[in-house]
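Peer 1: Given next are the chains, with one letter for each unit.
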Amino acid sequence: MSKRVIHGLLDRSILRRAAVDAVRKLAPRKLVRNPVMFVTGVVAALVTLIFIRDVAMGRGGLLFTGQIAAWLWFTVLFANFAEAVAEGRGRAQADALRRTRSDTMAKLLLHPDDTKDDPWESKPAQDLVAGDVVLVEAGDTIPADGEVIQGIASVNESAITGESAPVIRESGGDRSAVTGGTVVLSDWIIVRITAVAGSSFLDRMIALVEGAERQKTPNELALSILLSGMTLILLITVTTLWGIADYSSTEVSVTVLVALLVTLIPTTIGGLLSAIGIAGMDRLVRFNVVATSGRAVEAAGDVDTLLLDKTGTITYGNRLASAFIPVPGRSEHDVAESSLLASLADETPEGRSIVALARGHYGLPDMGNKVPTKVIPFSAQTRVSGVDIDGRCIRKGAVDAMLAQVGQSIEHAPAAFRQAVDSIARTGGTPLAVAVGSDLVGVIHLKDVVKPEIKTRFAALRQMGIKTVMVTGDNPVTAAAIASEAGVDDYIAEATPQDKLAYIRSEQRKGRLIAMCGDGTNDAPALAQADVGVAMQTGTQAAREAGNMVDLDSDPTKLIEITEIGKQLLMTRGSLTTFSIANDVAKYFAIIPALFIATYPELGKLNVMALATPQSAILSAVIFNALIIVALIPLALTGVAYRPIGAAALLRRNLLVYGLGGIIVPFIGIKIVDLAVSALGLA
Amino acid sequence: MTLVGWFEIALVLGAVLAAAWPLGLYMARVFAGERTALSTVMRPVERALYAFARIHPGSEQNWLSYTLSMLVFNGAGFLFLYALMRLQHVLPLDPQNFAAIEPGLAFNTAMSFVTNTNWQSYAGETTMSHLVQMAGLTVQNFLSAATGIALAIAVTRAFARSGIREIGNFWVDVTRATLYVLLPLAIFVAILYAASGVPQTLAASVSATTLEGAKQTIALGPVASQEAIKQLGTNGGGFFNANAAHPFENPNVWSNVLSIWSMLLIPTAITFTFGRMVGDRRQGYTLLAVMGVLLIVGTAVVYASETAGNPLLTAAGVDPSSGNLEGKEIRFGQALTALYVAATTGLSCGAVNAMHDSLTPLGGIVPLFMMQLGEILPGGVGSGLYGMIVMALLTVFVAGLMVGRTPEYLGKKVEAREMKLAMLALLVLPFCILGFTAIAAVLPTALASLANSGPHGLTEILYAYSSATGNNGSAFAGLNANTPWFNTTLGLAMMFGRFAYVVPVMAIAGSIATKTNTAASAGTFPTDGTLFCGLLIGVILILGGLLYFPALALGPIVEHFLMLAGKTF
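Going line by line, the protein sequences match chains A and B. End of the first sequence sits at 688 in the working numbering; the numbers just go up one at a time, nothing left out. End of the second sequence sits at 1731 in the working numbering; the numbers just go up one at a time, nothing left out.
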């Protein structure tokens, strides 16, 4: 799949740069984007001021206050670091992309109707405007995104796709879009520029992987509102504690209240939230899919219905020979031999599959030494092909065309022949009749072969609650047969682009989210209507503009993985939020007894972790709170593993790991930190 | 704890379920405007009322107009009640010639009854005229309950509907809640009360001669009728100062069972209404299960810690076999007292049949914590349901993400707008409860009202603000709340706790109603069944409860440890 260099999680150069960026992100203007971390930063500054005051006035407890201040800053820095690492991984990819963009010179044609041999003038690629027409010859880099209007060429698109095999780009049809930065390997094309410098596909891709255009996605926004709300509520809890403690004649210092606040507010998820978002986008890019917005990635997680093209996704795309059926008086071997001869000169995939079946399954020898005296190629008019060889006229073709050729009507054909044709058609196959001279020999069963692994994938999708719909141009009978073989939930037979659009709309009215992929210009309306529209990189410009994702590998089966990546993104957010909130239980048990033990020694019973001293308890909770962010960075970047086991089972599993784990882990973690802190004599 | 005690509790709760189920389905029909058994009698009354008030029952309102109608209605109720109290000395039906109520108390009381709180800074039988009790307080007992039901029904409709702005007509809902639900039930329950020995008379008092030969004046009045709606509407404002511990409000075990049954009835029934109206009964059962589990756990804690008794008293020579009996009525027994304590605070009822001030520290945490959780277990009539829905939205949001879909509840996507409003609503509770408590805890004027010092005094303040904000109305006693400071701040807490909470909730309803339903699939987060129940309980306890842990630690928790250590203060 992807040939691009995958950076390890802990690439040294990324980490080094991230460490610098983490400090840079302390700027209040940047910090304010993340309310939880902003609050942490503000109180860290407050405790620092208190520390400075205490130093100046020569007060005691400097070691404690100083350490709390330092760890509060670390909390913010760790969160910034997480974001910077996620961005760094994207940036490394962006740099690779950017290199391909540098100073290309375009061969600008003076008139739109000019051809290859007309004069052209040299113009820097960044000065091109939409509508310019340029000539690109073998060895040239395509200067900007555009549409091929003349010619055909093989193009190396590895800069974009990571795929080194060249692709064909030609005028007209569905393969006319070219991307700036890719290289023409052979022949020439004339391209009409559609996107100017700065807004090209490559530019958008760079901006996306860098996270420069990053805006909070809807769900991320909702989650950060929840986190801000919780922060505010806990701020009330902690502030009011001042008055309540005063009533109880307990003096609580600002430093300690701040420590309580920071450990209670959801710093873990607050610190990792943007890293999770960036990493989710990044995972998609690594998977060679570019989404035009984070919104699309989230929507992918919600998809209920997948619209899949039959050809290429569910089946191999070509009809392949699967059996030879003789008429009475002939053997299978006879049919196989005749079919083999008839297909010797047939270079279509069907023809080759007949040769392969005859040789492979029936062990027929290589007949390459026999030279046909006449070759009749397949044509759409006659729908028959064949050869004249050894004085025999061997033909194969569509049943009705062959019957006409041998001068028989279907009623007069042998009963076995009729039955074979019927049963093949009923199961969705295509029967080809084979004749030698004017004698029908038998029938070739051409079959749409369903990819062997696809059925289990559909079963997995059903487990995920996703319905699969096969879209095909076949007649309903054929469609039904393939649908049942592949195990899809529904199919649209004889589908026109309008049918697709109508189906999407009707599903959406029922409250479902639809994903589909497409490549042709006539797919564009449906791609735009679908909630997740994945356009193929090989597709037309119109399709690529209409979709909200572009698959660089042009592999329609990837829709399934895209959905999983979307789900993984949401799951990671949910799991870490649960973990973060569940952590609070242990932190209360660490800090509350420490706060009030001087006034009420009886509250020592709440110190279930048996932490050494009140100071070490508070310090340990703050240190644990900071370190857990670092510990969870890898999880935030790789995401929580998704398993297609149904929502209830998935919830039970994640709840056990992140909910129950979130309650238990800090009890152990804080105790360990406390042991270290008291062993080192830090508090 | 005894098996018989638990059997009593189970019997009462079973009776509640048995009656709530048909009532809930009946209410679903009433608010859908369908014909019911009472239509023959009530339809003409209803039509006459609409004609008189020029209401078109067919035209519905969007959330804003619905909410504004509610605010206007309650605002008018407040002003009317305030005027009635300020002028009671010149108005009729004042047989004991009580003076006008002073402004602070009148504000507090009017707010208290309009918000379904029924916090009483006064002793009813020695302060309020019969006119105020009947035309003012009892009327608001009906209307504040009807308002709560109407709001809950509107929120329910929002989930049941798809892609429309209208969520019902407030005037129609409040009329139907009164005519078809509260009034008939109140008449029925009042008769049962009267049958069990509760007085129902317009006589002011009777005179008696005690055994010592002294003359005693015993206050009387229309107690049974007020008692009925007080319980049914989870109002809790008693006719007498001693509330349901008073032998005329709650003379025997039958009236006690009736009290518990009638206060739990409608909040339980409305969960069935909810399930029916959103078209998925299991959703209603799930919410009810959460309420029920927490209520029973609360009851168990009270029951266990009260029967365990107080070691300090045991040490002083009190027989520990009956547990802690201080402040309890021996005629109700420990089991039904425990259930009453948990129910009256799990509901926002606030009627009391025992003095919560005298509960053991751990027993006392339960009523306090039940109120702080936002009065959703099962909460006030109507208000409990919409409060629980807010918690369900939060649960769905936090946990729904864990299954890899953007969260949805009952087919409606929970997005930034809903989150913002839900957090806004949730903020009100700690802001009022902890904010006012923190100020009162350091304010000498406020501290002068305390009967106890130490952690118990703190609990008294915390309890008062928790009760007011949660619109519960029960008092911990030991706190003289009839002071300008407490009358004003508690009044404000009641106002914010009711209206500042419900306005964002109604905005959520408005936003939910306009959303189209998303189809459920195997990938959808299931919001019914035990898993979701457990999750919802967890979120209620963690999100709702952890906020109060520091305050509770310095109040009842430390008091408990002090008691175990044999210390007093």
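Everything labelled a hint here was simulated from the structure, so no lab data went into it. Just to be clear, a hint being listed does not mean it is correct.
Among the chain A residues that face chain B by a calculated CB cut under 7 Å, a handful are [unchecked claim]:
(1) Gly248
(2) Ala486
(3) Ser489
(4) Ala652
Yeah, the Cβ is synthetic: ideal placement off N, Cα and C, and Gly gets one too.
Peer 1: All hints are to be evaluated individually against the structure, with a verdict given for each.
Peer 2: A quick look at each hint next to the structure:
no. : hint   : verdict
1   : Gly248 : 3 Å, holds
2   : Ala486 : 26 Å, violated
3   : Ser489 : 21 Å, violated
4   : Ala652 : 4 Å, holds
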